[in-house]
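Protein chains in written order, with my numbering: chain A, 1 to 503; chain B, 504 to 863; chain C, 864 to 1206.
Everything labelled a hint here was simulated from the structure, so no lab data went into it. By construction, the Cβ of each residue, glycine as well, lies at the ideal position given by its N, Cα and C atoms. There may be inaccurate statements among the hints.
Among chain B residues calculated to face chain C with C-beta under 7 Å, some are [stated by the list, open to error]: (1) Y659; (2) A660; (3) M666; (4) V670; (5) F674; (6) I680; (7) Y681; (8) K840; (9) S842; (10) L849.
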Amino acid sequence: MDDLILQFCKVDKSFFGVPVLKNVSIDFPRGHIIGLIGENGAGKSTMMNILGGVVPFDGGKMLLNGQEYVPQDPASATRAGIAFIHQELNLFTNLSIAENLFIGNFPHLSVTPFLNKARIRSKTQEYLKMVDLDLSPDITVDRLSPGERQLVEVAKALSQDASIIIFDEPTTSLTARETEKLFAIIDRLHKAGKTIIYISHILRDVQQLADDIVVLRDGEVVQVGPKQEFSIQKMISLMVGRYIGTLYPERTSTPTEQVILEIKGLSKAGIVHDINLCLHKGELLGIFGLMGSGRSELAQIIFGMEGKDSGEIIVDGTLHTKQSPVKSIQQNMAFVTENRREEGLLMTSTVAENLGLVTLRKYVTPAAHVVRQSALIEAIRNSVSLLQIKVNDAFRSQAKGLSGGNQQKVVIGKWLMNNPSILVVDEPTRGVDVGAKYEIYSIINDIVSKGAAVLFISSEIEELIGICDRIIVMGVGEILGCFEKSEFNREKILQTAFREGGK
Amino acid sequence: MTIREKLTREPIREKLGKLPRQLLLSEYFILILCILVFVALIPFIPVIASAYNMSSLLSNIWPLYAVAIGQTLVLIIAGIDLSQGAIISLTSVIGASLIATAADPVVFSKSPIWGWLLFENGGILTNHSAGILIAVLVMLLVGLLIGFINGTAIVYARIPAFMVTLVTQTFFAGLAIYYVKSENIINLPDAFTAIGEDSGGLISSALIITLILAISSQFILSRTMFGRWLYATGTNIRASIVSGVPTKKVIILTYMFSGFCAAVASVLYSSRMDMGRPTLGASLLLDVIGGAVIGGSSLSGGKGKVLWTFFGVVFLSLLGNALSLLNVPFFWIEIVKGSVILMAALLDVIRTRILQQQTV
Amino acid sequence: MNGNQSRQRLILTILKNTPTILFVVIFVAFSLLDHRFFARANFENIIASSAFVGILAVGMTFVLLTGGIDLSVGANMYITGAILAMMLVNGYPLWLSILTGMLAGTAIGFFNGFLISKMKIIPFMVTLGTLTAGRGLALLVTQSAAINVTKEMPFAAARVLGVPLPIFVFLALVFVAFIVLNYTSPGRQLYAMGNDPEAAKKAGLNVTRLTMLAYIVCGFCAALATVIALSQQGRLSASFGEGVEFRAIAAAVLGGTSLFGGVGAVFPGTLIGTLLVQMISNGLVYLQVDLYLQDMISPLVIFFAVFVDAQRMNLIKRLERRNIRVENTVGQAPVSKKIRAVI
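Chain A extracted, bound-state conformation (with noise of 0.2 Å):
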């Protein structure tokens, strides 16, 4: 019998209603090495945010070395021996690598207020030489490259005697040489005993470094079992099997052979590269890719919220130079962002307010701009009816109370009343429950048959497969495949996703 460092038991969490985490049970040997493997949302982020006592859980139960683990924040984590390595480094670019690692408890000169700089310079050299780092201690972080500072943030976690050591997709943004130099750091620490969770989308990693690997799906544990019991293609399976019964709105019409979006050699340097796609009139094309794979990225360059390098943008036969939102919609194009909170609504104004904005050039008196408030007020009755968007009173509601599904469809429909004959669509479905989903996926379709053309950025393989006539495949920036309805498989697909993984 294993000795248990760590078990999650019936752990449920929710975010706003909608549940993320489902009765996950998992326990984690001491000493081992466990990958942690799951699409886009499946629920590890979550899971370990909850570890790392970044966000409470709603009920089940944590146990660290047989004993009740219930963390108030991320310092209480840490001191319990859980160190947390974020994608997003959570390092002070200002300060040294020294400073960075005693940052929370400076060693003192005896008694004095003063910093033991020798002491903490030579333990930081200690750390460093543990991870293979040939750094000088007083090197301000801000001049490291992203693999060094991963390697700090390992050299941080042992210098916090931390017992269990999470990696959350540690190797995007390192060059090959780093990343085999962080598996032989991951090697070093698992001989001296350390229990690591590794996240990754780069499935050949997982079974390269992993003991024993867990597989996450819709917030529930599908498997847990030895690396043995996993090949890449089972894993690949699991990940992407899914409730055979989810529907999807039947598919009316058929995409024309006229081109109303193309894209040539788009590149912009360390985000994408020569991309290169044709988008009909009537076709819903959808891109697929994991985390970090650059197709929101690319969606912000064709819409204009950011600039490119080289490659031309062609809507409806004309090329475009210098691309902005302004310009985008004047084009007829809409965009709804896969942050909704953040990016997409108003969160304290009135549903009625987000509907009418992008619109609102054309229900103005041509002179002074004047609303026409009776055309505007009728336009988005209609709009709401339409889309049957769930709220009191859409003149008097905020955005910010409506749930996920609503939220939604307030965005797609604040661009629909702009008649785009192009909508790109990032993530519409996430974090929606699956009533609202279907009516989302029912909308984008009737739009299609009218003749727009849609761009349907998502990480789930099901609803692509389910909708689209097309699927590309993105990756690292680049586009890896594309596949036409005929050849539409879910195991293809992710295969190809995962074609780059390891470089």
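Once you have looked at the hints, place chains B and C on chain A.
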């Protein structure tokens, strides 16, 4: 704040109870407060309700309110304009220098404008038939220009609003003083002075001008596309950009409007005082911002109404009026004003927190 | 790293070293204009007259490091000065008067810090309120009268270790502040908090207490500056301390301290900044620039300083953005072939 903190912190509603909370949030809270204070003070200082006092109080309120209207719009986009005082001072001396009917060489010979803008027999527009009109237009233009500078620095240089307007405040206040070497320009034509006159009774040109400004601003805010854009920009600038709101233009135009309002107020003040004063706007800032924030406009943006600001300005002016009638020394008034600003900011923070914890 | 990024890093280096570059440029420029500039007496004069602004700027540096600001330091000076002066002319011993004054000044800092860190009101609003209420309070006490203290505070000309007292106090303060900021826990934690308040909280740092500390230090420095300034000026007039906050902010920001927090140093930074501000103002006097114009130049100087600060911050933010694609170097496995989407 992390999600954890938001979820586990004790909601304010449990600390305050329902009625006080509703009261705090009410649009008319400040108006009610004004009336209460007024009524409470009558037994102590009956003169406060006299026609003379009311009329004098009101005539002080109108120009102040004009300035505050501009500030309100700036607050709505989550900005702040500290330069309105300097705009008032500068436009006052510029306008006065153009139309003064006479200028004493002993006083003005050292000033940089002597000899080409200002002469012994007055300014360059003094004998012009439309002189006063042009002078007023120039004043308004200067206000717009300074507002443009503010807005541009905030949008393109990305310097925080309070820093930009603090700098422009100091610079243009200095310019105003340099312009006339600290001297007041007097001998303004009667036609100009008439603008600011109290014709006795309640109706005056100041009232009419300010009312027009208020009504048109409220109209812009509530009935035009630009108004919607203002609120959107102040509520969530990122979402506004994605939704096609030309936020850069909105911000620059709003600061220009703020400068414009200050210039209008300057016309009213200068004509009432019958002089161009280089320090005209010096101590207005607190009353203006205090009035707007007390009235309910939020420092964090997205919230504000022209009517609310009126209540806030009335409250502060009433307070100052009452204190001076009670013969409270000037310095006490400053202390009270400073404390009121702190309380207004505190009120704003509390209101924002209550709203955050509510879901309609 | 691609070419665009290396160019950006070069610009960033220049922006980071603006204080030193500026100092050298202005120093050389003025020396060329007037070779007396190099004289020790002149230099001593510059530092001595800028000492109290420098002391203020050191305190301001602490506050700026947290990403806040303190506009009330001028009013703080007046209040401290009023208490000090009035006690002196009423016969209280020098040490007691100074002590009481300094306590008052520090208490104002505490008051600011409390409202900002606990009540969460934005710093500029709080210090604006304190500024007004404070000056009003002090004017009430002094009735705007000027108080002469030359007799009671004759020590401005005194020398400590061969250096005029004001300069000594200033340099000693810079030294102490340097030690605190670089060699104590709260010092380093201030920098961390200014760089990333969220990460600071996650690391278990007491952000509230650190903020409080910064404003208390600033209040203390304002009080100290008062003692020095009063001894130099000999009298407390109704306009004592008016407008100094501007010069203090200019000195700190010109010295490389960022309005956005987390960046700055008292040495050489704020020290150089203080000298710069004084040199510019001395230079203007020498050039016989109209006094009124001088009041306009100082805001321009500040504008330049904050402009550089803002550009530096924008550049840093842009460089810190995470890349999705990692550029290849020789000797690594080739990136797999791109697949063109079928048209």
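Evaluation of the provided hints:
1. Y659: With a closest approach of 10 Å, the Y659 (chain B) hint is violated.
2. A660: 6 Å, holds
3. M666: 5 Å, holds
4. V670: Because about 5 Å separates V670 (chain B) from the closest Cβ in chain C, which is inside the 7 Å limit, the hint holds.
5. F674: Holds, because the Cβ-Cβ distance from F674 (chain B) to chain C comes to roughly 4 Å (cut-off 7 Å).
6. I680: 6 Å, holds
7. Y681: Status holds, d = 4 Å.
8. K840: Status holds, d = 6 Å.
9. S842: 5 Å, holds
10. L849: 6 Å, holds
Consistency note: the structure conflicts with earlier hint 1 alone.
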